[in-house]
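Chemist: Spelled out, the chains give:
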Amino acid sequence: MTLERRHLAIETGFRVIRVLEDNLIFVSLLAIVAFFGVISDSFLSLTTLSTLFNQLPALTVVSIGMTLVLISGGIDLSVGSVVALSAGVIGAGISLFGLPLPLAACLGILAGALAGLANGGLGAYLRLPIFIVTLGMLEVARGLAYLVTDSQTVYIGAKIQAFAIPWGGSGVSASILVALTLVVAFEFLLRSTIFGRQIVAVGSNESAAEISGIDPRRVRCTVLVISGLLAGLGGLMNAAYLGSADPNAGIGLELSAIAAAVIGGTSLMGGRGSVIGAFVGVLIVSVLQIGLAQIGITEPTKRVITGAVIILAVILDRWRA
Amino acid sequence: MTAPNPRIVAKGVCKSFAAPVLRDVGLEIPPGCIHGLVGENGAGKTTLAKIIVGLEGADAGSLLLDGQPYRPTNTADSLGAGVAICAQELSLVDDLSIAENILLHISTSSWARIRRNSTHEKAWTLLDLVGLESANSRSRVGKLSLAEKQLVEIAKTLATDAKLLVLDEPTSALTAPQAERLHGILRDKARDGVTVIYISHRLGDVLNVCDRVSVLRDGKVRLTEDCGALSEKALIREMAGADADFEAPRRSAESPAPLHLSVDGLRTSKLPHAINFNCRRGELLGIAGLAGSGRTELLNAIFGLDKRLAGSVKIHEDGRTTEVRNPRQAIRCGIGLVAEDRSRDGVFRDQTLGFNVTVAGLGRISDRTGRLVRSKEASAVGKLIDALRVRSNGVHQKMRELSGGNQQKSMLARWLHCGSRLLLLDEPTRGVDVAAKLAIHEELVRLRNSGITVIAVSSELEELQSLCDRILVLSKRVLVAEFHRSDWSQQEILAAAFSEYAREDEPTSVAVP
Ligand SMILES: Nc1ncnc2c1ncn2[C@@H]1O[C@H](COP(=O)(O)OP(=O)(O)OP(=O)(O)O)[C@@H](O)[C@H]1O
Ligand SMILES: [Mg+2]
Numbered sequence: 001m002t003l004e005r006r007h008l009a010i011e012t013g014f015r016v017i018r019v020l021e022d023n024l025i026f027v028s029l030l031a032i033v034a035f036f037g038v039i040s041d042s043f044l045s046l047t048t049l050s051t052l053f054n055q056l057p058a059l060t061v062v063s064i065g066m067t068l069v070l071i072s073g074g075i076d077l078s079v080g081s082v083v084a085l086s087a088g089v090i091g092a093g094i095s096l097f098g099l100p101l102p103l104a105a106c107l108g109i110l111a112g113a114l115a116g117l118a119n120g121g122l123g124a125y126l127r128l129p130i131f132i133v134t135l136g137m138l139e140v141a142r143g144l145a146y147l148v149t150d151s152q153t154v155y156i157g158a159k160i161q162a163f164a165i166p167w168g169g170s171g172v173s174a175s176i177l178v179a180l181t182l183v184v185a186f187e188f189l190l191r192s193t194i195f196g197r198q199i200v201a202v203g204s205n206e207s208a209a210e211i212s213g214i215d216p217r218r219v220r221c222t223v224l225v226i227s228g229l230l231a232g233l234g235g236l237m238n239a240a241y242l243g244s245a246d247p248n249a250g251i252g253l254e255l256s257a258i259a260a261a262v263i264g265g266t267s268l269m270g271g272r273g274s275v276i277g278a279f280v281g282v283l284i285v286s287v288l289q290i291g292l293a294q295i296g297i298t299e300p301t302k303r304v305i306t307g308a309v310i311i312l313a314v315i316l317d318r319w320r321a
Numbered sequence: 001m002t003a004p005n006p007r008i009v010a011k012g013v014c015k016s017f018a019a020p021v022l023r024d025v026g027l028e029i030p031p032g033c034i035h036g037l038v039g040e041n042g043a044g045k046t047t048l049a050k051i052i053v054g055l056e057g058a059d060a061g062s063l064l065l066d067g068q069p070y071r072p073t074n075t076a077d078s079l080g081a082g083v084a085i086c087a088q089e090l091s092l093v094d095d096l097s098i099a100e101n102i103l104l105h106i107s108t109s110s111w112a113r114i115r116r117n118s119t120h121e122k123a124w125t126l127l128d129l130v131g132l133e134s135a136n137s138r139s140r141v142g143k144l145s146l147a148e149k150q151l152v153e154i155a156k157t158l159a160t161d162a163k164l165l166v167l168d169e170p171t172s173a174l175t176a177p178q179a180e181r182l183h184g185i186l187r188d189k190a191r192d193g194v195t196v197i198y199i200s201h202r203l204g205d206v207l208n209v210c211d212r213v214s215v216l217r218d219g220k221v222r223l224t225e226d227c228g229a230l231s232e233k234a235l236i237r238e239m240a241g242a243d244a245d246f247e248a249p250r251r252s253a254e255s256p257a258p259l260h261l262s263v264d265g266l267r268t269s270k271l272p273h274a275i276n277f278n279c280r281r282g283e284l285l286g287i288a289g290l291a292g293s294g295r296t297e298l299l300n301a302i303f304g305l306d307k308r309l310a311g312s313v314k315i316h317e318d319g320r321t322t323e324v325r326n327p328r329q330a331i332r333c334g335i336g337l338v339a340e341d342r343s344r345d346g347v348f349r350d351q352t353l354g355f356n357v358t359v360a361g362l363g364r365i366s367d368r369t370g371r372l373v374r375s376k377e378a379s380a381v382g383k384l385i386d387a388l389r390v391r392s393n394g395v396h397q398k399m400r401e402l403s404g405g406n407q408q409k410s411m412l413a414r415w416l417h418c419g420s421r422l423l424l425l426d427e428p429t430r431g432v433d434v435a436a437k438l439a440i441h442e443e444l445v446r447l448r449n450s451g452i453t454v455i456a457v458s459s460e461l462e463e464l465q466s467l468c469d470r471i472l473v474l475s476k477r478v479l480v481a482e483f484h485r486s487d488w489s490q491q492e493i494l495a496a497a498f499s500e501y502a503r504e505d506e507p508t509s510v511a512v513p
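As given, the protein sequences belong to chains A and L, one line each in that order. Residue numbers for the first sequence follow the working numbering, beginning at 1 and rising by one. Residue numbers for the second sequence follow the working numbering, beginning at 1 and rising by one.
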């Protein structure tokens with residue numbers, strides 16, 4: 001090999017490493033899929049895909065909202081409970097009050113948006129610490145979910161399941177399409193619109209943002225409303241998947257959403273993050289869950305491994321920066 | 001070689017980021033010497049300083065401290081070896097008191113008990129030394145003005161009793177008397193054998209306080225010479241690599257222009273005495289005063305940042321009069337503010353240069369639906385950073401990677417991009433090198449000639465005198481005097497600046513038509 005060709009080879013090598021590094025989470029996702037594909041015969045199958053697609057929508061939409069809130073420098077701990085509240089409103093609306101499904105669905109999403117508005121009003125306009133406000137909302141919304149469902153799982157029926165049932169044998173449902181569309185839409189919002197820039201600006205330096213003519217309170221409040229709204233939608237997706245409204249739905253979902261966002265490169269300090277990244281984070285977390293279950297890992301071990309992966313993701317992220 | 005062992009020797013120091021910054025830099029400084037380090041914005045002065053205290057690692061080369069190999073990897077190392085830095089970007093903790101901030105730096109062990117009394121005593125002595133005697137060492141750093149914070153940062157550095165002090169633009173936010181006081185301290189330190197590396201863009205100060213000076217250009221030391229043999233002009237020539245144009249920018253004749261801004265009876269909690277003045281379109285108005293005389297507070301009040309207790313700020317444009325109430329509305333009225341504390345109120349560190357320049361005028365780089373158009377962004381930003389000589393690797397470079405002076409220039413670019421018609425500039429050339437400063441002056445005069453109104457605060461009276469059509473003087477938060485270009489003298493302006501401090505009785509406001 002001539003010297004020149006060797007240089008070329010080395011350079012290409014570096015370039016490949018750079019590309020891998022820049023797309024680390026995609027690479028990690030592929031690696032995880034490949035890993036399970038190799039050690040489990042049943043992993044690369046349609047069953048896995050439909051399990052994945054069943055779990056995915058609610059967590060995805062909630063993670064989108066969480067990502068925006070985190071980038072703006074806030075946090076929303078209430079999303080899991082808001083999912084249950086929204087599902088509860090939908091279930092109670094249909095089963096107890098006999099409302100038509102579309103109306104009940106809108107009410108559920110509206111309940112989520114109102115919870116977000118309460119978070120935003122208190123956190124952004126009254127300047128209360130957003131961590132505490134949304135922690136309070138976590139309790140309030142969960143309590144309300146129990147109240148509207150009378151602490152029972154409310155059966156809704158097949159009508160709502162149409163939203164979540166895959167078409168044909170494809171594994172693709174309306175739920176998942178909506179979730180994917182929202183991922184793309186919000187990534188666009190974040191990268192290519194004025195409002196997206198404003199979110200980043202507020203998250204990276206609030207005082208400078210204010211002097212640059214941005215209203216930090218409005219931005220913070222708006223992202224919390226968006227987050228509540230998306231959690232409301234998550235409630236609809238959850239109810240559609242179960243065919244019923246479970247007041248215990250979404251417990252701990254806020255933590256999964258934060259984990260997905262952080263794995264996807266979002267900073268808890270604000271000012272940095274990506275919606276697509278969060279979606280890949282959701283995929284990593286979900287694939288890991290399904291894969292580990294399939295190869296017969298017990299629940300406690302699963303949790304240990306998932307936790308370790310989250311920490312590893314942050315370490316990698318730090319090392320890259 | 002003067003002494004048997006120079007205090008610090010740098011040999012063949014190299015450092016590259018995206019592009020090479022330092023190439024084969026060599027320095028040798030004896031004990032008791034104050035050594036100046038000058039160069040254009042982005043020449044690598046801060047980078048060299050950081051290498052000396054272990055905040056950056058050099059790619060090649062070596063350091064010797066008192067003849068011993070010295071390779072710090074963090075500031076704990078360098079402090080242990082007796083080397084301390086006063087950083088260009090202040091590194092104070094806003095939520096701690098002044099004394100605690102100083103202690104944070106000098107405590108030998110993380111587990112040392114915080115002994116309140118002795119700490120406060122030591123802090124107090126140091127604050128007294130740097131001229132902050134009026135501040136309570138128990139008060140929160142977050143409440144201090146930028147100049148006061150800089151003095152705390154200096155006190156913090158002096159508290160270490162280091163034998164090598166690296167001061168990176170320590171006087172950029174200070175007024176001349178405050179800087180002079182620091183220079184006195186440095187001379188005393190030097191007499192005791194302490195070595196000082198003094199980085200500054202105020203070349204007069206450098207020649208005045210330093211024994212020797214080195215010029216950094218294109219990553220190399222171009223010249224190291226005794227200060228006695230040098231003139232400012234020679235330094236500038238070495239820094240720029242060519243003769244800089246000293247010609248004062250030409251200003252078009254003043255014509256009776258319409259009223260642009262009127263401030264009537266303005267009071268805020270920080271400006272207790274009513275302020276009245278007017279400003280005409282295309283006027284370059286300067287605001288002079290001592291540190292803490294309320295200059296920054298006045299600009300903030302006009303911009304609507306501080307809550308107004310009384311009075312009004314009105315913009316007169318196209319026959320309409322609008323009252324300014326808050327920053328967003330101020331911006332809609334065509335006002336832009338370059339704040340004094342760049343890192344707190346201006347820069348988005350982790351975002352790109354393009355983001356930073358366009359953030360106030362996003363409407364200008366988007367289509368009607370609110371969608372950003374990248375090509376517009378790139379071309380608009382590109383033009384501005386060329387015009388203002390912002391040295392960077394392009395619009396995608398992260399702001400935190402830009403040198404201090406270049407960050408400052410992009411703050412001005414932000415408002416030019418936004419199309420502001422009234423610029424409020426708080427120390428617009430702080431930390432900017434001489435050539436770029438002239439470029440900014442030129443740009444400001446050009447803006448003025450094209451009908452843009454500028455209100456500038458500066459601690460350098462010479463700067464105001466060379467730029468402004470009119471100068472207002474604040475003294476102890478009272479607007480005391482007004483001077484026109486045709487009839488001002490430095491003495492008169494200074495006397496006005498001191499006037500309220502000299503008076504005993506409660507001052508009353510003075511209206512300036
Ligand atoms: N972390 C970094 N990554 C990339 N480039 C950097 C980084 N830090 C500094 N630079 C670049 O190195 C050059 C020198 O920067 P430095 O801060 O040392 O300049 P300086 O001489 O102190 O300028 P100023 O007078 O403006 O403070 C600049 O062009 C800057 O953009
Ligand atoms: Mg510097």
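Quick caveat, the hints were computed from the structure, so don't treat them as lab data. Don't take every hint at face value.
Stated by the list, open to error - Per label pair, the in silico range of CB-to-CB distance: (1) 396(L) x 30(A): 25 to 31 angstroms; (2) 31(A) x 398(L): 26 to 32 angstroms; (3) 272(L) x 128(A): 17 to 23 angstroms; (4) 501(L) x 132(A): 43 to 49 angstroms; (5) 14(L) x 30(A): 37 to 43 angstroms; (6) 39(A) x 400(L): 27 to 33 angstroms; (7) 89(L) x 177(A): 45 to 51 angstroms; (8) 131(A) x 400(L): 24 to 30 angstroms; (9) 95(L) x 168(A): 58 to 64 angstroms; (10) 125(L) x 128(A): 51 to 57 angstroms; (11) 159(A) x 18(L): 55 to 61 angstroms.
Small disclaimer: the values here were computed from a predicted structure and weren't measured. Positions of the beta carbon are idealized from the N, C-alpha and C atoms, including for glycine.
Chemist: Against the range 24 to 30 angstroms, how does the distance between the Cβ atoms of residue 131(A) and residue 400(L) compare: consistent or not?
Modeler: Check passed, 27 angstroms falls within 24 to 30 angstroms.
Chemist: Residue 501(L) and residue 132(A), beta-carbon distance inside 43 to 49 angstroms?
Modeler: holds (46 angstroms)
Chemist: Tell me if the beta carbons of residue 39(A) and residue 400(L) are separated by a distance inside 27 to 33 angstroms.
Modeler: Violated: the Cβ-Cβ distance is about 43 angstroms, outside 27 to 33 angstroms.
Chemist: Within 26 to 32 angstroms: is that where the Cβ-Cβ distance between residue 31(A) and residue 398(L) falls?
Modeler: Between residue 31(A) and residue 398(L), where Cβ atoms are some 29 angstroms apart, the hint holds.
Chemist: That 37 to 43 angstroms hint for residue 14(L) and residue 30(A) (C-beta), does it hold up?
Modeler: holds (39 angstroms)
Chemist: Using the beta carbons of residue 95(L) and residue 168(A), state whether their distance is inside 58 to 64 angstroms or not.
Modeler: holds (60 angstroms)
Chemist: Quick check: does the Cβ-Cβ distance between residue 125(L) and residue 128(A) fall within 51 to 57 angstroms?
Modeler: violated (41 angstroms)
Chemist: Between residue 159(A) and residue 18(L), is the Cβ distance one that fits in 55 to 61 angstroms?
Modeler: holds (59 angstroms)
Chemist: Against the range 17 to 23 angstroms, how does the distance between the Cβ atoms of residue 272(L) and residue 128(A) compare: consistent or not?
Modeler: Since the Cβ atoms of residue 272(L) and residue 128(A) sit about 31 angstroms apart, the hinted range of 17 to 23 angstroms is violated.
Chemist: Could you say whether the range 45 to 51 angstroms given as a hint is met by the Cβ separation of residue 89(L) and residue 177(A)?
Modeler: holds (48 angstroms)
Chemist: Could you check the hint for me, namely that residue 396(L) and residue 30(A) are 25 to 31 angstroms apart, CB to CB?
Modeler: Hint holds: Cβ distance 27 angstroms, inside 25 to 31 angstroms.
Of the hints listed earlier, those the structure fails to meet are numbers 3, 6 and 10, in rising order.
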